[in-house]
Amino acid sequence: GAVVSQHPSWVICKSGTSVKIECRSLDFQATTMFWYRQFPKQSLMLMATSNEGSKATYEQGVEKDKFLINHASLTLSTLTVTSAHPEDSSFYICSVRGGTGTEAFFGQGTRLTVV
Amino acid sequence: LAKTTQPISMDSYEGQEVNITCSHNNIATNDYITWYQQFPSQGPRFIIQGYKTKVTNEVASLFIPADRKSSTLSLPRVSLSDTAVYYCLVGGNTGGFKTIFGAGTRLFVKA
Numbered sequence: 014g015a016v017v018s019q020h021p022s023w024v025i026c027k028s029g030t031s032v033k034i035e036c037r038s039l040d041f042q043a044t045t046m047f048w049y050r051q052f053p054k055q056s057l058m059l060m061a062t063s064n065e066g067s068k069a070t071y072e073q074g075v076e077k078d079k080f081l082i083n084h085a086s087l088t089l090s091t092l093t094v095t096s097a098h099p100e101d102s103s104f105y106i107c108s109v110r111g112g113t114g115t116e117a118f119f120g121q122g123t124r125l126t127v128v
Numbered sequence: 007l008a009k010t011t012q013p014i015s016m017d018s019y020e021g022q023e024v025n026i027t028c029s030h031n032n033i034a035t036n037d038y039i040t041w042y043q044q045f046p047s048q049g050p051r052f053i054i055q056g057y058k059t060k061v062t063n064e065v066a067s068l069f070i071p072a073d074r075k076s077s078t079l080s081l082p083r084v085s086l087s088d089t090a091v092y093y094c095l096v097g098g099n100t101g102g103f104k105t106i107f108g109a110g111t112r113l114f115v116k117a
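Protein chains in written order, with the working numbering: chain A, 14 to 128; chain B, 7 to 117.
Note that these hints are calculated values from the structure, not bench results. Take the hints with a grain of salt, since some may be wrong.
Dumping the calculated SDA-like pairs for lysine to any residue here, alpha-carbon to alpha-carbon at most 25 Å [what the hints assert, rightly or not]: (1) B:Lys104 x A:Gln73; (2) B:Lys9 x B:Ala34; (3) A:Lys33 x B:Ile106; (4) B:Lys9 x A:Ser56; (5) A:Lys68 x B:Ile106; (6) A:Lys54 x B:Ser29; (7) A:Lys54 x B:Lys104; (8) B:Lys104 x A:Thr70; (9) B:Lys9 x A:Phe52; (10) B:Lys104 x A:Gln19; (11) B:Lys104 x A:Leu89; (12) A:Lys54 x B:Pro13; (13) B:Lys104 x A:Thr93; (14) B:Lys9 x A:Met58; (15) B:Lys104 x A:Gly74; (16) A:Lys54 x B:Glu20; (17) A:Lys54 x B:Ser15.
Covered stretches of chain A (chain B as the covering partner; in silico rule of three or more C-beta atoms under 8 Å from a C-beta of chain B) [to be verified]: (18) 55-61; (19) 117-128.
Built from N, CA and C at the ideal position, the CB exists for glycine as well.
Work the whole structure out from these sequences, hints included.
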C-alpha cells in the first residue's frame, strides 16, 4: 500500500500565528489527498479534499480561508492553519487513496497545540 | 455515502476471538466495506476490505452476508496490543473517493 508521511508529528504555536503541516505520498503519485481533524475521544472529521494543481474542495462548515490547502505536486499537499487559536488544537491527519483498491492510507498525524 | 452503525465499545480478554458487527442498511451496489484500526495519536491503519462473502488476511476475517446490509470483522485470538478503535466504512467510487468515518468501536482487551 501507499506510504504517507506527515511533518511535523507535533507542533506547539502561539495564538495568532500560522502553522504549516506537510503530507507526502512517498511511493505513490496522488492526484487527490484528504485532510482530517480529530478531537480527543472523537472520530475523524473530513475537512477537505486536496486536488493536485487545482483548488481544494472543503466540507461544509470548514473555513477555507482559515485552513489553506496547497497541492502543488503529485506527492505533496500542505495544510496551513492561519491565525491559529486554542480551539484549533487538534490532531490533523492526511490520507491518500490506493492506486487500484479503494482503501485509504493515512499519515501518522500531526498534533497541533495552540497556546 | 452509506451510514454505518457499530457498537460504541467492546471488552474482551487476551486469546479470545472478537467479532465486531457493523450495520450499513443503505449500502450501494458499487460500495466496498473497509475496516480500519486506530491507536491513540496515530493515523488509521487499513485492516481488511471486502465486497461480498468472506475475506481473510493475515490479521482478520471479514464476513459479509448476501444482502450486504451488515458485516462482521473477526479478530482471532486478540492480544493486549489489539486495544484500539475499529472503524467500519462503506464506500466506493462515489463521492470523489472520500472516506467518511463513523463513530467507530473502542475495543479494550484485558489480560
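Right, here's what the structure says about each hint:
1. B:Lys104 x A:Gln73: 14 Å, holds
2. B:Lys9 x B:Ala34: This hinted pair holds, its Cα atoms lying about 11 Å apart.
3. A:Lys33 x B:Ile106: 24 Å, holds
4. B:Lys9 x A:Ser56: Between lysine 9 of chain B and serine 56 of chain A the Cα gap is close to 14 Å, so the pair holds against 25 Å.
5. A:Lys68 x B:Ile106: 20 Å, holds
6. A:Lys54 x B:Ser29: 22 Å, holds
7. A:Lys54 x B:Lys104: The hint holds at about 22 Å.
8. B:Lys104 x A:Thr70: 11 Å, holds
9. B:Lys9 x A:Phe52: With a Cα-Cα distance of about 21 Å, the restraint between lysine 9 of chain B and phenylalanine 52 of chain A holds, given a limit of 25 Å.
10. B:Lys104 x A:Gln19: 19 Å, holds
11. B:Lys104 x A:Leu89: 18 Å, holds
12. A:Lys54 x B:Pro13: The given pair, whose Cα atoms are some 15 Å apart, holds under the 25 Å limit.
13. B:Lys104 x A:Thr93: Given that 25 Å is the threshold and the Cα spacing comes to 21 Å, the pair holds.
14. B:Lys9 x A:Met58: Measuring from Cα to Cα gives roughly 14 Å; hence the hint holds.
15. B:Lys104 x A:Gly74: 17 Å, holds
16. A:Lys54 x B:Glu20: 24 Å, holds
17. A:Lys54 x B:Ser15: 12 Å, holds
18. 55-61: Held - the stretch 55-61 of chain A has 4 residues with a Cβ nearer than 8 Å to chain B, which meets the minimum of three.
19. 117-128: holds (count 7)
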